[in-house]
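The residues making up each chain are set out below.
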Amino acid sequence: MEYLIHLSIILLIYSGLAVSLSVLVGKAGIFSVAHATWFGVGAYATALSMFGGYSYGTSVVVAISVTLVVSAFVSIVLLPLAKEQYAIGSFGYSVLFSTILIQGASVTHGTVGMFGIPRPTVFGFLLESNISFLVFTAVVLGSAVTILWYITRSHFGRVLCAIRDDEPALKVFHYNINHFKVLIYAITSAVAALCGTLYATYVSFIDPSSFSLTESIFILTLVAVGGLGSLRGSALGAATLMLLPEMLRFVGVPSESAAEWRMVIYGILLVYVGLYRPQGFFARPHLTAA
Amino acid sequence: MSKYTVAIGGVGLVVLLVGAILISGKKEVPVVTSLAQVQEVTMGAVLSLTGAAANDGNDIKNGIDLAVSELKKRGTVVHVDYQDDATDPKKTISALELLKARDISTVVGLTWGYIASAAIPTVNKENITIFSPANSSDIVAGASTTNRIYYGAVNNYKKIEPTTAWLASVRATNLALIATQDAWGSAHTDVWSQASLKAGARVVYTETIPYGSEADVMPVAIHKIKKQKADAILWTGTEAGAIVFLKELERQNIHIPVLGTNYIRIAIVDGKVANPGMVSSIESPATADFEQRFKKAYGLSPSVYAESAYRMTYQIAEKQDLVSSYDAKGDTFGGQWVVAGVR
Amino acid sequence: MEALSTATVQIVWTIATYTVLSIGFNYLWSINRFFDIGYAAQILVGAYSFYAFERAGASLPVAACGALGISVICALILERFVYVRLRAQYASPLMSLIVSVGVLAVVQGVVSMLFTTQSQTLVVAEHYFRFSTVSVSYSQILTIILGCIVYMCARYVSTHTSFGTQVRAVQDNEQLARTSGVGIARVRSLSVMCAAVCATVAGIGVGLNTSINPAFSMSLLLDAVVISMIFGLGNIPRAIYGAMLFSCIEVASVWVVGPGWKDATTFSVLIMLLLYRSAKT
Chain A
1352 MEYLIHLSII
1362 LLIYSGLAVS
1372 LSVLVGKAGI
1382 FSVAHATWFG
1392 VGAYATALSM
1402 FGGYSYGTSV
1412 VVAISVTLVV
1422 SAFVSIVLLP
1432 LAKEQYAIGS
1442 FGYSVLFSTI
1452 LIQGASVTHG
1462 TVGMFGIPRP
1472 TVFGFLLESN
1482 ISFLVFTAVV
1492 LGSAVTILWY
1502 ITRSHFGRVL
1512 CAIRDDEPAL
1522 KVFHYNINHF
1532 KVLIYAITSA
1542 VAALCGTLYA
1552 TYVSFIDPSS
1562 FSLTESIFIL
1572 TLVAVGGLGS
1582 LRGSALGAAT
1592 LMLLPEMLRF
1602 VGVPSESAAE
1612 WRMVIYGILL
1622 VYVGLYRPQG
1632 FFARPHLTAA
Chain B
259 MSKYTVAIGG
269 VGLVVLLVGA
279 ILISGKKEVP
289 VVTSLAQVQE
299 VTMGAVLSLT
309 GAAANDGNDI
319 KNGIDLAVSE
329 LKKRGTVVHV
339 DYQDDATDPK
349 KTISALELLK
359 ARDISTVVGL
369 TWGYIASAAI
379 PTVNKENITI
389 FSPANSSDIV
399 AGASTTNRIY
409 YGAVNNYKKI
419 EPTTAWLASV
429 RATNLALIAT
439 QDAWGSAHTD
449 VWSQASLKAG
459 ARVVYTETIP
469 YGSEADVMPV
479 AIHKIKKQKA
489 DAILWTGTEA
499 GAIVFLKELE
509 RQNIHIPVLG
519 TNYIRIAIVD
529 GKVANPGMVS
539 SIESPATADF
549 EQRFKKAYGL
559 SPSVYAESAY
569 RMTYQIAEKQ
579 DLVSSYDAKG
589 DTFGGQWVVA
599 GVR
Chain C
8 MEALSTATVQ
18 IVWTIATYTV
28 LSIGFNYLWS
38 INRFFDIGYA
48 AQILVGAYSF
58 YAFERAGASL
68 PVAACGALGI
78 SVICALILER
88 FVYVRLRAQY
98 ASPLMSLIVS
108 VGVLAVVQGV
118 VSMLFTTQSQ
128 TLVVAEHYFR
138 FSTVSVSYSQ
148 ILTIILGCIV
158 YMCARYVSTH
168 TSFGTQVRAV
178 QDNEQLARTS
188 GVGIARVRSL
198 SVMCAAVCAT
208 VAGIGVGLNT
218 SINPAFSMSL
228 LLDAVVISMI
238 FGLGNIPRAI
248 YGAMLFSCIE
258 VASVWVVGPG
268 WKDATTFSVL
278 IMLLLYRSAK
288 T
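Protein chains in written order, with my numbering: chain A, 1352 to 1641; chain B, 259 to 601; chain C, 8 to 288.
The set of hints was computed from the structure by calculation and includes no laboratory data. In this text the structure is predicted, and so the values were computed from the model without any measurement. Possibly wrong hints are sitting among the right ones.
[Unchecked claim] In silico lysine-lysine, DSS-like type, Cα no more than 25 Å apart, as pairs:
1. C/287 with A/1434
2. B/416 with B/587
3. B/331 with B/553
4. B/553 with B/330
5. A/1522 with C/287
6. B/587 with B/331
[As the list claims (entries may be wrong)] Residues from chain B that face chain A, not an exhaustive set, calculated with beta carbons under 8 Å:
7. 347
8. 440
9. 486
[Said to hold, decoys possible] Not the full set, but computed from the structure, chain B residues with beta-carbon under 10 Å of chain A:
10. 298
11. 299
12. 344
13. 400
14. 423
15. 527
16. 529
17. 533
Beta carbons: idealized from backbone N, C-alpha and C, even for Gly.
In isolation and in its complexed conformation, chain A is listed as follows:
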């Protein structure tokens, strides 16, 4: 039972990451490879804040505020770049963040990582058990995803889709495109940071390897498999790909090369999804890809 609860918590956190990235990449057409960076900013800001004696609530506010400011700055800097260059630029920030985490060992403990992050206390109730943490995570991320869903359904969301589909046309109508881009980048990064606060307090240990470029590509994979621009699809895609390695634990393969076989099977499944369902498993057919 604890195993399933653990999986559920991790699944919820990564669903939150996938949904927020789906809004950014799928709705706004902003191809960012730095989502794990904001995940990491949230986690480290929370850890540092809680080690400084602040409550979880204060730590979340700090984490989200820091992320909003930094992500808005990064977004403004990268605005002039074309699509492929934007991806590389975001990748560059991801590398910069990883370097700061490793080199700033006096604050972040470098590659050793930060151990012993306490569980959150919410309204005087310590979330010591995994089941209580699961409920808390579900409530928090459910609220965040609801806000994102509302954003995508609003006028703001329609403008984002228009930016994705035909930016020059939108400029004719005097929309401040940069304003929308910066805002959605900051909002989705803040949701990723929120996921980071939950991750840090759940696992109680964070290190730079959990927020690397590989993690960003993995989150992109969740979105692509689920369906670009589809919030429900991204969440389901996250569930599928997070559960898949766990399912593969039960697949009987020769133990001498079990890990390698599982890697091969995972790769074949990714190729299969791409070849037979390129729009994503759960995407709506009329969506155009970013």
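Fit chains B and C to the known structure of chain A by using the hints.
Leaving out everything else, chains B and C in the frame of chain A:
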């Protein structure tokens, strides 16, 4: 795809997962009632069989498998439930929770220090006993918060004396230190600094190298070592790092004594890089007998972690007394650090 | 003086390796227009094929030819059975990237099974050329020579042959190129073969000088992507300029700033360069 199909698919996935757990878990361990019966033992192994620590993880697995095959011949069947954590802390926790769901509370593994650190809260919560062949308490953050981990690697601070003796034997006065940028590297830098003080030597150059950057950094590092007129080098790193290090030493024509950790010996002995001479390695050597059997089984030289894993498997299978084998911190009493020239 | 000569050797070798990597990636970009992570798989196939031939006792030229052959065949198989289907379904660049991630995972798994996850070297006994303060290994000299040959051939092909013109035509506007009578399938196949050759040469070059393991090609791919970006994706003749700039920045940052900041310095300069170029246009 309709909502109905999606819902069915999702429910099906969850049912499959739960069913798989229920079917594959809870192995009954038969009670031995007579000597004629085969004894069966079940244990788990959470290892990094893929990812950055795959080298060490697979080495440990080979050590476990060797012990399992030998124990089988003696009438003890050891069922090892292997789980790969892909050198990812959250997958380590998943693997431990899965093993606990299968009523397995004795686990060998947690390949690297930070993986072990990430696992400690779960280990404490689920009362899992961990035998960690590749770690010692000095490189695991949070080691003091648990008494459920037994460490197979000899504590690195016991390297101070043999390192001091080696420094004295090569008459080193100006030392260069090269280490990896992690807990292992920083523990070694501290150990070497203490050893250099004891030996009356001066550290003239220190370099910590991030993983994967050895090829870029080593030419600079070796050049600076030459420039600082170091007369001995203390090195630790990965096998890939050892290969780059030795090649660069040769390329820049540096022939000063080098003391490295086990991968430097493995790189030379396995024929991956030429022996430049004047290289010594400090390690808890695998016993000659074990090395021979390991090479016969796998065609590779074992690292000390493989023998730790081998020994720990025997300890679990034969229910050996652990109090006499491990100190209060969980560090092994057995083994010592020995400096030997690499031939 | 010795520092300068050591750094120069390092820069020249790095330029040669990165140029080859970048040319191969540019060929793939020209026909696919997405970040093909499968290029890392090609590097892996090339390097390990060479290792397998060498371990079987083949001489260096025979092992290289064998590795090139296997790499080209694998690349063509991938193109035929995976990428052609992806294009037929109008898969998005993101989905194509995900499929290429899957391809890399499969190749890494197979390589790990066949050769283990341990680091392997492609040459054990190294020879060195030493003159005054300059010290170069024969592997480095070989890599530099191969890099020069690959670059000169790629440049000639790109600027003086109809194939080069056709690649640029396909890159600019595939429909128009098809209408103009360009054999798209032939151009794609040849481009894939060129990319496979470059990947193999780069993989062997790195393996000769350092070591190879199933995870070593990913960082090379990322370097190739960044270098290609500097002077424009798909620009094959200018790949060397990107490699020169990137190598100089990388080596300079290691020597001056420190190894821990190497990647951050390189990418910071890259971002500033991209911003400068976009401000100009």
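Exercise for the section: Have a go at the residue 344 of chain B hint: is there a Cβ in chain A nearer than 10 Å to its own Cβ? Expected result: Holds, because the Cβ-Cβ distance from residue 344 of chain B to chain A comes to roughly 8 Å (cut-off 10 Å).
Exercise for the section: Given the hint that residue 553 of chain B pairs with residue 330 of chain B, test it: the Cα-Cα distance must not exceed 25 Å. Expected result: holds (19 Å)
Problem - Hint consistency between residue 1522 of chain A and residue 287 of chain C [alpha-carbon to alpha-carbon, up to 25 Å] - result: Holds: residue 1522 of chain A and residue 287 of chain C sit about 21 Å apart, inside 25 Å.
Handout entry: Restraint outcome when residue 486 of chain B is required to lie within 8 Å of chain A by C-beta distance
Key = Result: violated, 23 Å to nearest chain A Cβ.
Exercise for the section: Below or equal to 25 Å on CA atoms is what counts here, so check residue 287 of chain C against residue 1434 of chain A. Expected result: This hinted pair holds, its Cα atoms lying about 17 Å apart.
Practice task
For the hint on residue 299 of chain B, just tell me whether its beta-carbon gets within less than 10 Å of chain A.
Solution key: Constraint on residue 299 of chain B not satisfied, violated at 16 Å.
Handout entry: Interface restraint verdict for residue 347 of chain B against chain A (beta-carbon cut-off 8 Å)
Key = Hint holds; residue 347 of chain B Cβ to chain A Cβ min 6 Å, cut 8 Å.
Practice task
Report holds or violated for the interface hint on residue 529 of chain B, using the least CB-CB distance to chain A and a cut-off of 10 Å.
Solution key: violated (23 Å)
Practice task
Report holds or violated for the interface hint on residue 400 of chain B, using the least CB-CB distance to chain A and a cut-off of 10 Å.
Solution key: Check passed: Cβ of residue 400 of chain B comes within 4 Å of chain A, closer than 10 Å.
Practice task
Let me know if the C-beta of residue 533 of chain B comes in closer than 10 Å to any C-beta of chain A, holds or violated.
Solution key: Constraint on residue 533 of chain B not satisfied, violated at 31 Å.
Handout entry: 25 Å limit on alpha-carbon distance, applied to hinted pair residue 587 of chain B and residue 331 of chain B
Key = Not OK: residue 587 of chain B and residue 331 of chain B at ~34 Å, beyond 25 Å, violated.
Exercise for the section: Assess, step by step, whether the Cα of residue 416 of chain B is no farther than 25 Å from the Cα of residue 587 of chain B, and give holds or violated. Expected result: The hint holds at about 14 Å.
In this structure, the earlier hints numbered 6, 9, 10, 11, 14, 15, 16 and 17 are contradicted, and the remaining ones agree with it.
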